[in-house]
Amino acid sequence: MASIIEGYLGKRVDGTRSRMPARLDRWQSATGVFLGLFMWAHMLFVSTILISKDFMYAVTRMFEGSFLFSEPHPVIVALSVAFVFAVFIVHAGLAMRKFPYKWKEYKMLKTHAFALRHGDTNLWMVQAFTGFMMFFLGSVHLYILMSNADKIGPFASSDRVWSEGMWPLYLLLLFAVELHGSIGLYRLCMKWGWCNGSDARAARKRLKKAKWIITVFFLTLGLLTLAAYIKIGQEHRSHYGERYHPAAALVLPYSPVQEVRS
Amino acid sequence: MPDTAQNKGRMLTFEILQYNPSDPESKPHMVTYHLEETPGMTLFVALNMIREKFEPDLAFDFVCRAGICGSCGMMVNGKPLLACRTLTRDYPDGHIQLMPMPSFKLIKDLSVVTGQWMDKMSKRVESWIHTKEEHDITRIEEPVEPEVADETFELDRCIECGICVSSCATALMRPDFVGAVGLNRIARFDVDPHDERTTEDYYELVGDDNGIFGCMTLLGCEDHCPKNLPLQEKIAYMRRKLATAKDTGGGLEIRVEG
Ligand code: HEM
Ligand code: SF4
Ligand code: FES
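Chains A and B, in that order, give the protein sequences.
Note that my numbering has the first sequence beginning at 968, numbered continuously upward.
Note that my numbering has the second sequence beginning at 316, numbered continuously upward.
Hints are computed from structural coordinates only; laboratory data are not their basis.
Treat the hints with caution; some may be incorrect.
[Stated by the list, open to error] In silico contact screen, one side only, chain A against chain B (beta carbon under 8 Å); selected entries:
1) Arg986
2) Pro988
3) Trp1091
4) Lys1158
5) Arg1171
6) Leu1174
[Stated by the list, open to error] Taking lysine-lysine and the DSS-like style, the derived pairs with C-alpha atoms no more than 25 Å apart in a straight line are:
7) Lys1065/A - Lys1178/A
8) Lys1074/A - Lys342/B
9) Lys323/B - Lys342/B
10) Lys394/B - Lys1071/A
11) Lys1071/A - Lys435/B
12) Lys323/B - Lys1175/A
13) Lys1071/A - Lys420/B
14) Lys420/B - Lys1077/A
15) Lys561/B - Lys1074/A
16) Lys1077/A - Lys323/B
17) Lys323/B - Lys394/B
18) Lys435/B - Lys1065/A
19) Lys1172/A - Lys394/B
The beta carbon of each residue, even a glycine, is placed where N, CA and C say it ideally should be.
Just chain A, same shape as in the assembly (with noise of 0.2 Å):
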């Protein structure tokens, strides 16, 4: 009843304001904080790649469980991906809460920012442009991860990236990411104070400079990431859908690792 006349009446029953507002930012910073953070660990995580094919290929066991299982169990990393699915729905619904939705808003923005040549309002232009990018690309890539959660690995995933011509999205998508998650991640620091320390001033400074080596570093190793499974994709061409087998299972004829498929 009370949430029926709040609604009806845009008040509580007390005559208080309602903490949802508050509930609701603190929400968009935590999943924002979380995806962020999730995307420079996968970052690493898929980077392995240039390391070796073995490297990876351990990686990927190792989320299907190996450090427990003999057996892969693949469904371990398709709840993986669901919970980070479930955030990242919570956090664009959150967050699109502050798109320019009408075009008198819309227009307002752009004018401003194009006249104001002010960083800050730029990198949010680029933080929401790169957002309504990740609805569509976001989705396409965690979904597929999602339903296709055992054919990960050194040759599964050069075959997607190549062969099932998911390169381009995937370009898309990391520029996107890395663009969007260090430009959020900084502005989660300005927004709710974390690292202003005794000169704000000064440590939005040194912040905004770690934000701009971390966004070049992530991209640049996106992109040598993204070269090397399209390289491999293009050698696997010919092999399309054949699975890899590590060097270290052939040379161990009974380890448990090569009865499984890579």
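With chain A's structure known, arrange chain B with the ligands on it following the hints.
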């Protein structure tokens, strides 16, 4: 290189919006003026010369000419600035475009009413000391620690020029947004020991998406405030406080009769 009176100044090009919303005939348009630069010329000086030489009814506001009263804010090449504190020599290409500050009611040309907006904001954040203490002028006032007093004075330096509002995309897109000036005001009363309001009281004033949670941290305010107020720091501080404000109510009392 110091200007000297003998040097002939360079020619400046001013593009100025002209529009009178109260005249149904008037259409907003830009007018260009060429003016010779004089030593140490500010926009205040330039606008007066333009009014003298070319456009007797050009409207713009100035009072103190010293960055104190906050009445001369305008958009200078897209940036909100105090015109009396803006030197023409800071524009190397000599091209200066002047527009009225958006988000405030336009009177004419470059003249806007910031007062109305500020009044509404002041009422909204209840910009006065809230205390139950009875004033007794025969007794000596409670002393306030100098550091605490300084903190209050620091935030009290706001001149209500409205530049933080005009530099904020959030405020421009969403006219009901309380703006940095309003959030700074809340922070000012929060540090002032005379004010007895609690975090929960402030939540009632700005605890929504038109208030503190509407801020998108674009930091236009922080980077343009002519008084250099620590707006990022203070808004973040209030946000942390208000985001974790205790929930004091919301319950329903049901009365059953008969
Ligand atoms: C459909 C997907 C997404 C959309 C539509 C979206 C949209 C947005 C928008 C508009 C903002 C700005 C919010 C504001 O100014 O208050 C934002 C903030 C943020 N986003 Fe995203 N985003 C998406 C996905 C992601 C992903 C995948 C990451 C991780 C890399 C991420 C990390 C962040 C962070 C850290 C913030 C700052 C949070 C805050 O200001 O509270 N977002 N997002
Ligand atoms: S906070 Fe700064 S920019 Fe905003 S009204 Fe006050 S003095 Fe002007
Ligand atoms: S005229 Fe007073 S601040 Fe410019």
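Report task. Identify every previously stated hint that the structure contradicts and give their numbers, smallest first. Result -> 6, 9, 12, 15, 16, 17
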